[in-house]
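Just need the whole structure built from these sequences, with the hints factored in.
Each protein sequence line maps, in turn, to chains A and B.
Under my numbering, the first residue of the first sequence is numbered 16, with each subsequent residue one higher.
Under my numbering, the first residue of the second sequence is numbered 87, with each subsequent residue one higher.
Hints are computed from structural coordinates only; laboratory data are not their basis.
This one's a predicted model, so the numbers in the text were calculated from it and none came from an experiment.
Do not take every clue at face value.
What the hints assert, rightly or not - Derived DSSO-like pairs: lysine-lysine, alpha-carbon spacing no greater than 27 Å straight-line:
| no. | chain 1 | residue 1 | chain 2 | residue 2 |
| --- | --- | --- | --- | --- |
| 1 | A | K101 | B | K358 |
| 2 | B | K364 | A | K53 |
| 3 | B | K358 | A | K53 |
| 4 | B | K385 | A | K110 |
| 5 | B | K385 | A | K105 |
| 6 | A | K96 | B | K385 |
| 7 | A | K101 | B | K364 |
| 8 | B | K265 | A | K101 |
| 9 | A | K68 | B | K377 |
| 10 | B | K128 | B | K182 |
| 11 | B | K128 | B | K265 |
| 12 | B | K166 | A | K96 |
| 13 | B | K272 | B | K257 |
| 14 | B | K341 | A | K96 |
| 15 | B | K340 | A | K101 |
| 16 | B | K377 | A | K53 |
| 17 | B | K358 | B | K385 |
| 18 | A | K110 | A | K64 |
| 19 | B | K182 | A | K27 |
| 20 | B | K197 | B | K286 |
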Amino acid sequence: MPIPQQLGRGDKMGRGPYEKSGIIRDTGLPPNRPVLEKFEIPFPVEEVKKDDKVSRNILDNDMTIDVELIYLPFGTVESGKFSWHKVTRKVSIEKGGV
Amino acid sequence: MTRLKFIALSALLALPLLTGTLGRDAGAAEAKKATSIDELAKMYDSTGCKECHEGIYRDWEQSIHSRSIFGTGRTAATIKTTVAVGLTSWQYSGVKKPEDVQVKHLMICAKCHLPQLAEATDAVAKEIVKYCYIYTDPKTNDAEHEKAVSMLSKVCINCLICHQRNAITHKWVAGFPQKNEVYGSKDGAHADSAHPVMKKSPIMSESILCGQCHGLGPNFELENPSQCGTLYGSYLWAYRAEGGQESCQECHMKKSNLGHNMQSYRDPGMAKAAVDFKVETLGYQWRDGSKMVPQALVKVEMINRAGHSIPDG
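Following this line, the structure appears as C-alpha cells:
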C-alpha cells in the first residue's frame with residue numbers, strides 16, 4: 016500500500032486524510048508489472064538423539080497450503096478482509112529414500 | 087435634464103444585464119447558498135432523474151457515491167476524527183470546538199465527498215459535523231443514531247454532481263455548467279422541467295471526470311492540504327505513462343457491467359479482474375550437512391491488471 020507521509024515532511028506515516036500529504040513508499044502492486052513473491056515453509060520434524068547422533072524424523076510428508084490474496088482497507092484480517100483469490104495446493108515430500 | 091434621465095435609465099438597464107451575464111458565465115458559484123442540509127439536498131435534488139432513468143438510478147443507489155459523507159459509517163467517523171484529532175488540535179486552524187467548523191475547514195473532506203458544500207453556508211458544515219459526532223457517540227440512542235444516518239445520507243455524490251456541477255473541468259474553454267442543464271453524451275432537449283437542456287460533456291467518458299475526486303495527492307488549493315485518494319495520480323504516472331489506454335469508466339462501469347453502481351474492492355468481479363494470481367508449489371528436501379531439511383516452496387506471481395496501483399490510499 017502507499018504509505019502516506021505525515022504532513023508532507025519527515026519519516027512518519029500519516030493517519031487520517033487530514034494529515035496525509037505525500038508518499039514515503041509504496042508496497043502495492045504496480046499496474047501491468049509482474050510481482051513475484053516466494054515463501055519457504057518447513058515441514059514439521061522432530062529431532063531424535065540416539066547414540067550421540069541427532070537425526071530428524073519427518074512428522075508429516077504431506078502439507079496442505081492455502082494461499083489467499085486479501086484486501087484489507089480497514090480493521091483486522093478477522094473482521095475486515097475482502098478475499099480476492101484463494102488457491103489450495105497439496106505438497107508432498109518423498110518417504111524413505113537413500 | 088433629458089440627457090441625465092437617459093444616462094440614469096441606461097445605468098439601471100445595464101445592471102440587470104451585467105448581473106445576467108455574470109450568472110450565465112459563473113453559473114453555480116453565483117447562486118444563493120444553502121443554509122441547512124435540507125436546503126443543500128433540495129438544491130441538488132436528483133430524485134426526478136429516477137422517473138426516466140430508473141435502472142441507472144437504482145444502480146447508483148447501490149454505489150458508495152449515493153452515501154458519500156456517510157459511507158459505510160467509516161466516512162462519517164473519519165469526518166469526526168478530522169475535527170476531533172486534526173482541526174481542534176492545530177494552533178492556527180481557528181477551530182477550538184466542533185461548533186467552530188466552517189465550510190473551509192470541512193472542504194478537507196468535502197472537496198470530494200461533498201463538493202457542493204462550497205455552495206453552502208458555514209451552518210451546513212456545522213450541521214454535518216454535529217451529526218457525525220452524534221453518529222459516532224456510543225451514548226447516542228437508537229432514534230438519534232437513525233436520524234444522524236438519515237441526515238448524513240441526504241446529501242451525496244448524485245446525478246447532478248457528475249452530470250452537471252463537475253461535468254466540465256475546463257470552464258474557460260467549455261463554459262460554466264448551468265442549473266437548468268444536464269450533461270451527457272449528446273446535445274438536445276431534456277424531458278425534465280428542472281433541467282430542460284441536455285448538453286454533451288466533453289469529459290463524460292474521460293478519466294479526468296473521475297480524477298477530480300479520485301486524487302493526485304495533496305490538495306494544495308486548501309489552506310491546510312489533505313490527501314485522501316491518490317488513484318488518479320497513479321493512473322496518470324504508472325499506467326497511462328507506461329502505455330495503458332483504458333479509462334476509469336471502461337473498467338468500473340462498462341467491462342464490469344456495473345454501470346452506475348461503480349464499485350472497486352468490494353465487488354467480487356472487480357476483484358477477480360484486478361489481479362492475475364498464479365501459484366506454483368514444490369516439495370523438496372534440502373541437506374544441511376548431515377540433516378535433511380524438508381521444505382515447501384510456494385511461488386506466487388501477481389500481475390495487477392487495473393489502471394492504477396493496488397491498493398490505493
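Checklist entry - So which hints don't hold here, by number, going up? => result 8 and 10
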